[in-house]
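A.B. asks: Listed below are the residues making up each chain.
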Amino acid sequence: MSLVLAASAVRASREDLAMRAGVVALVAILLLIVGLPLWSLLVKGFQDVDGHFVGLANYRAYFASPALFNSALNSFDVAALSTTIVVPLAFLYAYGLTRTTMPLRWLFQGISLIPIFAPSLLPGIALIYLFGTQGFFKALVGGQIYGMKGIVIAQVFYCFPHAVLIMTTALRTADARLYEAADALRASKLRIFLTVTLPGAKYGVVSAAMVVFTLVITDFGVAKVIGGNFNVLATDVYKQVIGQQNFSMGAVVGMVLLAPAALAFVVDRLVQRKQVALLTARAVPLVPRPSPGRDAFFTLFCTVIAIGILAILGMAAWGSLIKYWPYNLSLTWENYDFEKFDANGWESFGNSVRMAVGAAIFGTALTFVGAWLTEKTRGFGAVRGLVQLLAFLPMAVPGLVLGLGYIFFFNAHGNPLNFLYATMAILVINSVAHFYTVGHLTAATALKQIDPEFEAVSASLKVPVWRTFLRVTVPICLPAILDIAIYLFVNAMTTVSSVIFLYAPDTKLASVAALNIEEAGTTAAAAALCLVIVATSAAVKVLHLLADRFLLDRLQAWRRR
Amino acid sequence: MDQALRRKVGPEGKVSYLEVRNLTKRFGDFTALRNVSLDVAEGEFVCFLGPSGCGKTTLLRAIAGLEPQSSGTIRQKERDISALPPSQRDFGIVFQSYALFPNLTVTANVGYGLASQRRKRTETAARVVELLALVGLPEAGAKYPSQLSGGQQQRVALARALATSPGLLLLDEPLSALDARVRMRLRHEIKALQRRLGVTTIMVTHDQEEALTMADRIVVMNHGVIEQVGPPAEIYRAPATAFVADFVGSMNFLAGKLEAPDRVRLGNLVMSCPIQDGLESGAAVSLCIRPEDVRVRDLPAEAANRVDVTVTELDFIGAFCRATLVAGELSLVADFSSNLIRDLGVVVGASLAIALPPDRLRVFAA
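Top to bottom, those sequences are chains A and B.
Just so we're aligned, residue 1 is where the first sequence starts under our numbering, counting upward by one.
Just so we're aligned, residue 1 is where the second sequence starts under our numbering, counting upward by one.
Chain A with its partners taken away, still in its complex shape (with noise of 0.2 Å):
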């Protein structure tokens, strides 16, 4: 019986024990770039101005402050309104890529992401512009773009890619069959639209809707440019801790903002899991055939809304060449010389730049060798379930309630890390924890693509399981890679709001430096930053479109066919 008993577990190798090793260094990583900093925020909500605990006595007086409560009751109208308006044209947008055969199909692609390159206040200064007390069209708005409506024009403009992303995902996976079967039915074309097409997109339409709530809910940027008096959740935040330099208070305000975060992740996810299974391996992509009358309807829409995203851009861009708005028009770079407008004139695009480069390289490589771990190492359950749940908090919380975070964990006296305060390694480290959750979900994806008797054969070939993954998991995966890399560098060299706790006066960064300057009132040298910034991680978009396109083709034969 002994003898059985003995004989129940098979013996881990070196090779297992390192990876065990691996997984529990990840978990103590992910714990303290996302863990403990939410962790450190939690309790000062519970602490008075001197760190004493004072139990629910700050949380009595947030909901006892009808200033405060109001920006709460703000931050929801402009969310549920900004995705009210962003849900149905994404669709509709999306539609029009995915389902019909209007032209240039990849030029309006390319045109609806283009507010992703963008720091989320370039809307709003192009809206002061367009609109504002001195805009060219402040008259249809009677000059009162600052506030409510401002806030949600800007937010439909900046959340607009994500939600047609989401969407063209959810459409462009339909089954050829289905459409067939109906047909076959004799079912209307209204008919098909409400039984077969909008079950399938279902999924993508509420996630769409959960992740642009959430963007709008947490975002600093727009309502920091053109939200005038009306006080939102994020501004709120920043005015508690940078204004009144009340941590306590503002810790509060950032728990409040996670929670609708938090909520809609949830809501999110719930939904994801059921999608699962929908579209199986055996089902045939849907062709759309040409139709004069929709084709027609939907390219005009999508022109409509891509003039009106170029217009945005394009304004800031001449607003950031105009030398002295609106009194003299004449085209100047002047702009473009930032020592004049903030201390660190050029060199905040540097930082910016240093800081995505960094997140893009450490963050790709943390996030893919940590999803690699978790998929991999052999047995050690628990705390591989443990990695996915830290993997996936990020997502959660907003940057700033991160950032408050990152100053009270690391800026605590007696912590050992507290070096880390006010350096370009804290500013990498939370862009990195910030954006961790979708190079995590991409890396897994890869790896779950290949198959999984790879380790198995290698394992039989006596080969070490680190030499697989260097020669044939890495290759293989090295698409999903870049994929990783850019999404950092884009997002970090865009961000404002989980950094503008954490920069210190030598490690600037361009979008701070952007939100700086616009608050002095340099409204054109705010937006010919902000171009700058566009200009840069556009372009590294593109690059990496090219090499995905040519490069990867060379030098990876073997994927063609």
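You may find that some hints are simply not true.
Derived coverage of chain A by chain B (criterion: at least 3 residues anywhere in the stretch with Cβ under 8 Å from a Cβ of chain B; other residues may be distant) [as the list claims (entries may be wrong)]:
#, region
1, 457-464
2, 472-481
3, 548-558
In silico lysine-lysine, DSS-like type, Cα no more than 27 Å apart, as pairs [claimed, not checked]:
#, chain 1, residue 1, chain 2, residue 2
4, A, K138, A, K376
5, A, K508, A, K541
6, B, K191, A, K462
7, A, K376, A, K323
8, B, K120, A, K462
9, A, K462, A, K448
10, A, K138, A, K274
11, B, K120, A, K448
12, A, K274, A, K448
13, A, K462, B, K77
14, A, K323, A, K340
15, B, K257, B, K77
16, A, K462, B, K143
17, A, K202, A, K189
Here are some, though not all, of the chain B residues that point toward chain A, as calculated from beta-carbon distances under 8 Å [as the list claims (entries may be wrong)]:
#, residue
18, G43
19, L66
20, A83
21, P86
22, Q88
23, F91
24, F95
25, N103
26, Y112
27, G141
28, Y144
29, S146
30, L148
31, F253
32, V333
33, S337
Hints in this document: simulated from the structure, not taken from any laboratory.
Just so you know, these numbers come straight off a predicted model, no measurement behind them.
Cβ coordinates follow ideal geometry from the N, Cα and C atoms, glycine included.
Fit chain B to the known structure of chain A by using the hints.
C.D. replies: Here is chain B on its own, set in the frame of chain A:
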């Protein structure tokens, strides 16, 4: 060790190369393997055969160390490998998905395990050439897996598994993903290769024809236990259980009652059968006969188990016809060659005298 069990699972007179003893594997509440014991002789080709979910793949993966058993022991060449991780066991494996590395050439795939053995480069190259010739793909070295057909990819996978000269070759449904024609050809090639190399081989399959044509011995499994172990002819002719009788080949199950140790009553017919020691008189039983064992030609008037039947259906299969025959409440199918159909003028509605030869009958408790 239980003598009866030893006789059942151990090939007589051969030294056991692989010894599986009392292997049990549980996944939560589900028991995938229940106290499985098995011996495989050196150089033998053994097939694990059974329906999906019967535990055959779990048993193979336990032998490889990929799916560690919950309890029980595995010994390979007298060495207890029960607790060893896969990398410390001695086996080569081929999967249904081939699991070829898509970014490496055929040469690099086959040489993958050789590179880590610190051999000379020229030696490795020579070995790869030798292996590719062995599996009949001498020209494919520079190609990538995606440029090969499914059958060719499976041969490369086989060459890769054999490269390090493992003592045990494990094949996990290696032919299932291939189309019928390629499958037939590869069956013979794998079997011939195995015989030539003399490598002890275990193959998992759900295809009985594959098992019958390739294996030296077949292990029929169901619900996590071994139902029968034996050479293909024995499995087919003398199935030990009703499950094996039903799973391997086609079989008529005729419900009846055991009247005497050598007589079964089917309605108002009484059939002679081989003597049944294990069953009590009066027990409900199934009387089994294979469709091709039903006799029609040269029937003597006093033939045992003679029955007059009517042909009610005739399904054309190709080389033969499957006839449904009815006599009162009795209904069974029989396979008739095209010759026989022509010679005897068998048509639907025709009356026919058949016999169920007693030595071809099997009786199982119902």
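A.B. asks: Run every hint past the structure and note whether it holds.
C.D. replies: Taking the hints in turn, this is what the structure says about them:
1. 457-464: Holds, because 8 residues of the region 457-464 of chain A bring their Cβ atoms closer than 8 Å to Cβ atoms of chain B.
2. 472-481: holds (count 3)
3. 548-558: Answer holds; 3 residues pass the 8 Å Cβ test.
4. A:K138 to A:K376: 59 Å, violated
5. A:K508 to A:K541: 24 Å, holds
6. B:K191 to A:K462: Holds - the C-alpha atoms of K462 of chain A and K191 of chain B are around 26 Å apart, at most 27 Å.
7. A:K376 to A:K323: 59 Å, violated
8. B:K120 to A:K462: Distance of about 17 Å is within 27 Å: holds.
9. A:K462 to A:K448: Measuring from Cα to Cα gives roughly 23 Å; hence the hint holds.
10. A:K138 to A:K274: 47 Å, violated
11. B:K120 to A:K448: This hinted pair is violated, its Cα atoms lying about 35 Å apart.
12. A:K274 to A:K448: 18 Å, holds
13. A:K462 to B:K77: 19 Å, holds
14. A:K323 to A:K340: This hinted pair holds, its Cα atoms lying about 14 Å apart.
15. B:K257 to B:K77: Violated, at about 48 Å.
16. A:K462 to B:K143: Within the cut-off at roughly 24 Å; holds.
17. A:K202 to A:K189: 18 Å, holds
18. G43: Since chain A brings no Cβ nearer than about 20 Å to G43 of chain B, farther than 8 Å, the hint is violated.
19. L66: 5 Å, holds
20. A83: 5 Å, holds
21. P86: This hint holds: P86 of chain B lies near chain A, its Cβ roughly 4 Å from the closest one there, short of 8 Å.
22. Q88: 7 Å, holds
23. F91: Hint on F91 of chain B: holds, closest Cβ of chain A at ~6 Å, below 8 Å.
24. F95: Holds. Min distance 5 Å.
25. N103: With a closest approach of 4 Å, the N103 of chain B hint holds.
26. Y112: 6 Å, holds
27. G141: 14 Å, violated
28. Y144: 4 Å, holds
29. S146: 6 Å, holds
30. L148: Violated, because the Cβ-Cβ distance from L148 of chain B to chain A comes to roughly 11 Å (cut-off 8 Å).
31. F253: 35 Å, violated
32. V333: 34 Å, violated
33. S337: 39 Å, violated
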